[in-house]
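Construct the entire structure; sequences and hints are all you get.
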Amino acid sequence: MPRFTLPRDIYFGEGSLATLKTLNGKKAIIVVGGSSMQKFGFLDKVISYLKEANIQVKLIEGVEPDPSVETVMNGAAVMREFEPDLIVAIGGGSPIDAAKAMWIFYEYPEFTFEQAIVPFGLPELRQKAKFVAIPSTSGTGTEVTAFSVITDYKKKIKYPIADFNITPDIAIVDPELAHTMPQKLIAHTGMDALTHAIEAYVAGLRSTFSDPLAMEAIIMVNEYILKSYNGDKEARNEMHSAQCLAGMAFSNALLGITHSMAHKTGAVFHIPHGCANAIFLPYVIQYNSKKCSHRYATIAKRLNLSGQTDEELIDSLINWIKNLNVKMDIPLTLKSYGITEEDFTSNIECVSHNAVLDACTGSNPREIDDKTMKRLFTCIYNGEKVTF
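Counting from 1, position 60 in the sequence shown corresponds to residue 60 in this note's numbering; the numbering is continuous, with no gaps.
Hints in this document: simulated from the structure, not taken from any laboratory. Keep in mind it's a predicted model, so treat the numbers as computed, not measured. For glycine and all other residues, C-beta sits at the position ideal for the given N, C-alpha and C. The reader is advised that the hints may include incorrect statements.
[To be verified] Below are the SDA-like pairs computed for lysine to any residue, each with C-alpha atoms no more than 25 angstroms apart in a straight line:
1. K184 <-> Y381
2. K322 <-> S241
3. K291 <-> D315
4. K327 <-> D315
5. K322 <-> L185
6. K301 <-> L185
7. K371 <-> I348
8. K385 <-> S306
9. K184 <-> F120
10. K45 <-> G34
[Said to hold, decoys possible] Here are the simulated distance ranges between beta carbons:
11. V118 <-> T372: 24 to 32 angstroms
12. G338 <-> Q56: 46 to 54 angstroms
13. K322 <-> E61: 32 to 40 angstroms
14. K371 <-> A18: 30 to 38 angstroms
This is the structure we're talking about:
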């Protein structure tokens with residue numbers, strides 16, 4: 001049966017971080033990444049607001065950019081010792097994703113990571129704690145999604161955990177936090193948001209509920225991403241909202257092979273997630289257009305791109321995306337990113353196989369197998385048009 005799930009409450013706009021003062025609870029554990037939230041004073045604000053609500057606070061700090069299974073398990077152990085009734089995650093996608101996974105193993109210590117990565121197979125959460133997500137970047141949308149991405153470094157694989165249970169209870173989308181992003185991160189997260197929206201618009205579970213969110217996010221990205229990249233404060237505020245809309249869309253419509261490929265290359269070639277999505281997206285559109293050309297053409301029309309036929313409109317859409325990449329200094333191929341031919345050749349069989357097995361592949365509008373995935377990766381490496 002179709003389903004559409006969002007956080008219970010979304011607080012948004014500048015100053016919305018102060019919502020933390022109104023929360024009810026006894027103990028809150030705060031999960032945070034690197035030093036930026038501390039450096040710019042936002043972590044201190046979170047602690048102060050929670051204490052103002054008479055909530056006892058404990059920190060889990062230093063979550064790495066691509067959180068590991070070990071980080072998740074160690075954090076869950078800290079939670080079991082502290083016994084919070086609120087989990088507050090602040091930062092980019094990594095600490096929020098890590099905190100979501102910690103939440104699972106806090107409430108169910110005997111549950112295994114292998115069980116957790118089975119799509120939509122988690123036990124019922126909120127037996128011990130509720131979850132508050134506060135994004136500091138404008139791309140992942142994880143504050144409103146049913147997804148978390150965790151890396152098994154021993155296997156060199158990123159695993160998406162997908163289950164409506166890990167959709168946060170509260171999202172606080174305060175654009176002040178995003179004003180601290182460096183320019184390269186603005187580019188990568190902005191293209192991540194665009195990829196979320198475009199993939200959601202053509203994905204297997206798209207619906208009349210997800211389509212408007214996805215399309216509005218695409219239109220907003222078109223309007224604001226370059227202005228945001230060039231330092232416009234109001235544009236950054238709008239991009240923070242756009243990425244949240246995209247998150248709500250893809251959390252329900254699901255994604256496609258752009259993300260499957262980004263997950264698997266990220267762990268092997270160490271390409272930042274948003275950058276990988278930006279590189280892959282034009283080629284995936286070429287591949288998928290054999291199945292859903294009208295959907296891509298509709299996006300192009302809404303963006304007022306040129307073209308009379310679906311094929312012409314899709315070409316315009318692809319060129320628009322590539323032009324965004326060029327203007328934000330994002331490579332157009334894996335080769336130009338800096339991956340050597342030897343490294344690519346030695347890893348492509350394994351990466352292609354794992355990408356096909358990724359949880360996002362099942363909702364891609366066009367099916368793909370290992371051999372075809374390898375061909376697609378090869379086109380992306382060399383910058384060749386996808387004609388199959």
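Outcome of the hint check:
| no. | hint | in the structure |
| --- | --- | --- |
| 1 | K184 <-> Y381 | holds (22 angstroms) |
| 2 | K322 <-> S241 | holds (23 angstroms) |
| 3 | K291 <-> D315 | holds (15 angstroms) |
| 4 | K327 <-> D315 | holds (18 angstroms) |
| 5 | K322 <-> L185 | holds (18 angstroms) |
| 6 | K301 <-> L185 | violated (29 angstroms) |
| 7 | K371 <-> I348 | holds (10 angstroms) |
| 8 | K385 <-> S306 | holds (20 angstroms) |
| 9 | K184 <-> F120 | violated (34 angstroms) |
| 10 | K45 <-> G34 | holds (16 angstroms) |
| 11 | V118 <-> T372: 24 to 32 angstroms | holds (25 angstroms) |
| 12 | G338 <-> Q56: 46 to 54 angstroms | holds (47 angstroms) |
| 13 | K322 <-> E61: 32 to 40 angstroms | holds (39 angstroms) |
| 14 | K371 <-> A18: 30 to 38 angstroms | violated (54 angstroms) |
Hint compliance for this structure: hints 6, 9, 14 are not met, and every other hint is.
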